[in-house]
Amino acid sequence: MFFHSRKVDAEIDEELASHLAMLEEESIRRGMSPRDARRAAHLKLGDTAQLREAHRDSRGLPLLDTLLQDIRYASRSLIKIPGFTAAAVLTLAIGIGANTAIFSIVDEALFRPLDFPHPDELVDVFAFDRASQKFLSSSFPDYQDLRARVTTFQALSAFVRMPANVFWNGRNQELPVEAVTGNFFSMLALSPAAGRTFRDEDDYLASQPVAQSVAMISEEIGDARSIGQTILLEDKPFTIIGIVPKRYRGTNLNWGAPPKVWIPLQATALVRPRFRTMGLFEHRSMRWLLVTGRLKPGIRLQQAQAEVRAIAAGIAREAPKDNRNISENVFSASRAKFWPAYRASVTRSLAVFAGASGLVLLLTCANLSNLLLSRGLARQREFAIRMAMGAGRKRLVRQLLTESFLLALPSCLVALAIAYGLGRLLAHFPNALGLPLALNGGVENRVLFFCIALSIVTTVLFGLLPAFETTRPDVLPALKESGRTLSGGGRRYLRNLLMAVQVAFSMVLLVGAGLFGRSVMRAWSVDPGFRLDRLWTAGFNIPPPGSASTERLRRSQYDLVRRLRELPLLESVTLASDLPMDRLHFVTKIHTPDVALSADQQTVGLEFFHTMGIALLRGRDFDAHDNSVAPKVAIVNEKLAGQLWPGRNPLGQILTAQDTTMRVVGIVRDVKYGSVWESPQPCLYVVDAQSNRAASYLILRLKGHAAAFASTVTQEWNRLMPRSPLADFQSGDELLDIALAPQRVATGVFGAFGLMSVVLVSVGLYSVMAYAVARRTREIGIRLALGAKPAVVVRQVLGNVLAVAAIGVSVGAAISLLLGGVVASQIKGVSVHDAAMFASSAALLGVVAFCAAVIPARRMLRIDPQQALRSE
Amino acid sequence: MQTTRAEAAEKKSEILQGTLDLMVLKTLAAMGPLHGYGIAKRIEQISADVLSVNQGTIYLCLVRLVNRRWILSSWGASDNNRKARFYSITNAGRKQLAAEAANWERIAAVIGRLLQLASAG
Chain A
18 MFFHSRKVDA EIDEELASHL AMLEEESIRR GMSPRDARRA AHLKLGDTAQ LREAHRDSRG
78 LPLLDTLLQD IRYASRSLIK IPGFTAAAVL TLAIGIGANT AIFSIVDEAL FRPLDFPHPD
138 ELVDVFAFDR ASQKFLSSSF PDYQDLRARV TTFQALSAFV RMPANVFWNG RNQELPVEAV
198 TGNFFSMLAL SPAAGRTFRD EDDYLASQPV AQSVAMISEE IGDARSIGQT ILLEDKPFTI
258 IGIVPKRYRG TNLNWGAPPK VWIPLQATAL VRPRFRTMGL FEHRSMRWLL VTGRLKPGIR
318 LQQAQAEVRA IAAGIAREAP KDNRNISENV FSASRAKFWP AYRASVTRSL AVFAGASGLV
378 LLLTCANLSN LLLSRGLARQ REFAIRMAMG AGRKRLVRQL LTESFLLALP SCLVALAIAY
438 GLGRLLAHFP NALGLPLALN GGVENRVLFF CIALSIVTTV LFGLLPAFET TRPDVLPALK
498 ESGRTLSGGG RRYLRNLLMA VQVAFSMVLL VGAGLFGRSV MRAWSVDPGF RLDRLWTAGF
558 NIPPPGSAST ERLRRSQYDL VRRLRELPLL ESVTLASDLP MDRLHFVTKI HTPDVALSAD
618 QQTVGLEFFH TMGIALLRGR DFDAHDNSVA PKVAIVNEKL AGQLWPGRNP LGQILTAQDT
678 TMRVVGIVRD VKYGSVWESP QPCLYVVDAQ SNRAASYLIL RLKGHAAAFA STVTQEWNRL
738 MPRSPLADFQ SGDELLDIAL APQRVATGVF GAFGLMSVVL VSVGLYSVMA YAVARRTREI
798 GIRLALGAKP AVVVRQVLGN VLAVAAIGVS VGAAISLLLG GVVASQIKGV SVHDAAMFAS
858 SAALLGVVAF CAAVIPARRM LRIDPQQALR SE
Chain B
224 MQTTRAEAAE KKSEILQGTL DLMVLKTLAA MGPLHGYGIA KRIEQISADV LSVNQGTIYL
284 CLVRLVNRRW ILSSWGASDN NRKARFYSIT NAGRKQLAAE AANWERIAAV IGRLLQLASA
344 G
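In the order they appear, the protein sequences are chains A and B.
Here the first sequence is numbered in the working numbering, starting from 18 and rising by one per residue.
Here the second sequence is numbered in the working numbering, starting from 224 and rising by one per residue.
This is chain A alone, in the form it adopts within the complex (with noise of 0.2 Å):
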């Protein structure tokens, strides 16, 4: 290539050199000395050095050689205006950056493979009820029934996840433990960083009492070294076979936490002893495992899905007891990340978020074509020159494309920081999609080629348009000098219409963030009918149910609650079986003489409505009294009264739950205890003395704000329970900023992106207002000179903005209407029709425009008419 461009010059050299030849000829065959001659050839040839250039223009270069001129020629023009420059890269990495992180949020989320061989061979199987339209786990007998059947599977596995109380490295922790079966990690085809992976024997030895079973952990807490090893579950040596890559984080993402420890599957029996007893790997009703195999190569889904559900409709011959409504659904695993009925809510907020991201990309590609557009048309006269001399018009516009590529190039590389913290931010960010998803949120090898193609994509979109506009042919008349005041009519229509999409945009953003944060800040003003201020909670560490170290746990409960009533620090301390504001409820049928019907239960411990702030209505509270030998008795709330009991006095009147008779002995008011969005639901209170069920959590509440009590209190827990450690202590308040989750982080997101639109509309309108009064200087002096008042030229320029502003608003408002349907389910307790928040925001970028055109404006009116007539 370099080659042919030396070629073409010589051409041209070459043409040159026989001119001069044949002048110099002439000019001696006239008389003159040959030194005299090859003089006056050159003077009659001119500068051919500029001939060369306009030769080089027209004829178009071989392309590596034009773009590496074009590189060169575009750095130093973009290192001239470091300002201009530093803006542009900036806003376009915000754009693309913020695009970045949520894709790769959804395509963690949604789309990328999972990370093993042929992913696209990976399937989840999962049971679907006919009857109730809801996907279920599966039995164990009917994966051993579907493992025996299928003939499109290469292997077919079951898994389960569940929290452990693990022994390991000298510490006791609980950690998330996968149960697979012996074929999980070969049908993954994963291979183990270090030791093996399990077999089918393993899983077959871990369903015989005598032998101690095998684990597999993670690299994160071991590696080759802890080969041979003994861990502790629940007390129960394993020993560890192998080490699972870090890069393994489950096929499932809706478990919380990647799992650490692997057991075999029948091993769960040694962990938990009442799955044996509550016969789990033989009762078909019992629902608990997670299906996934792989296909045989080259079978099709649908090959797939229609020899399962036909199994499935043996199965449910065979069993019609428990399976008759029972289909199974095969998905490709890396569609199925998680529970296939949140797919549609993940999904919807993630197109919420993709959406204000997206928005915020044409934003900052509006607003970038707009600053190239005016700077394109204060170089018109370069390039109107340039074309004169011949250059064509794709070569200028492949020039001011280089431009705008070299503008992407740092871009893309801040994009990536940004997309990167913006990305680890949102993943660990706990609930954030409104379920406790285990994403990594990282940039990796889709999430970079992303980058780079938004970035390609962004960069013909917006520098196209202001490439082709400021070489239009019709440019010429910029050569005159008169052609300033009076040109770019046409293109300034077009600086409006890409002003005014900024406006609409920014609008919908703003109505956006201001609609989530105020339903976030609804949520703070709702009085949930207890006190969240001053509450604290941990959780314990639950064992199975009627397990012997229920008891034990109980009994420690009892000496920690007695021990921290006697501390000055604390109000008061219960027991709960259920956190404030978590949508988990224990649901139980209820019994009258009269009517059944469902209601929640909690266990609670003594003192539990006082430390709650739960106003006891009628009756009395739990007290010491009422413990396992007594008669059993229930607190009820208002609304479980007044369904169970219209009109009647709910005191003294007998109902029965759980297989238990049980005497009402107080009401309370009401309670919205899992949501504040949620209207009260019929609550049924036991006392945990009385129930067969440990509590789960520790509530207390403090006198003050006394930092210390979390270690004073756990150093009581651990000399009672020292295998048995405290989970984290949350606050009332983060109890309900988890909650709120969802909310919080979509207005996070549109307030940022709110934030960056207002910026960036401000500096649009500025520089449009700027250049526009630049430009017309000339005409304001003329105008000025004839007589015209300064405040009616500035009236009509800024007439001008804000007409542009108002339209941006109307449509931006118009888009927010018909979008707000979408974001409906997501927004509580605010109207997405919010008037209040349309008419804040469109206020708000009201003012903005008026401030970013005065400025300019007051310049204009400082344009001393002489001068400006002067000055061109």
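In short, the hints are calculated from the structure, not lab data.
Any given hint could be a false lead.
[What the hints assert, rightly or not] Derived BS3-like pairs (lysine-lysine); straight-line CA-CA distance at most 27 Å: (1) A:K253 to A:K263; (2) A:K61 to B:K249; (3) B:K306 to A:K61; (4) B:K249 to B:K306; (5) B:K264 to A:K61; (6) A:K151 to A:K338; (7) A:K689 to A:K656; (8) A:K649 to A:K689; (9) A:K411 to B:K318; (10) A:K97 to A:K411; (11) A:K606 to A:K338; (12) A:K720 to A:K689.
Position chain B relative to chain A; hints supplied.
Here is chain B on its own, set in the frame of chain A:
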């Protein structure tokens, strides 16, 4: 820097822009394929050295005309066997020449009449 150099060149050729294009096209139409020197020489001869062109400008003009596809270039040998680039007019060039020539004649006629009026008056 590039701009100023280009600007300077533009000013020099300003008088001739359009006019020079027309002259080159006419020369090529009348004489057939010629090299740059030949074209410059011919124009000087015809104008009887009234128009002493900076001959480099011819090449700017040639580049422009090639670019607009009004003329073509190819390598050949000059009379005294020197390698030279020969330019020839295309059909599009002939059309342009016809249009420009008609235009020119109209303007020349108008100016001529004006001048006659002026001298008569």
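Hint check:
| no. | hint | result |
| --- | --- | --- |
| 1 | A:K253 to A:K263 | 25 Å, holds |
| 2 | A:K61 to B:K249 | 22 Å, holds |
| 3 | B:K306 to A:K61 | 20 Å, holds |
| 4 | B:K249 to B:K306 | 24 Å, holds |
| 5 | B:K264 to A:K61 | 12 Å, holds |
| 6 | A:K151 to A:K338 | 18 Å, holds |
| 7 | A:K689 to A:K656 | 12 Å, holds |
| 8 | A:K649 to A:K689 | 26 Å, holds |
| 9 | A:K411 to B:K318 | 25 Å, holds |
| 10 | A:K97 to A:K411 | 24 Å, holds |
| 11 | A:K606 to A:K338 | 22 Å, holds |
| 12 | A:K720 to A:K689 | 24 Å, holds |
In this structure, every one of the numbered hints holds.
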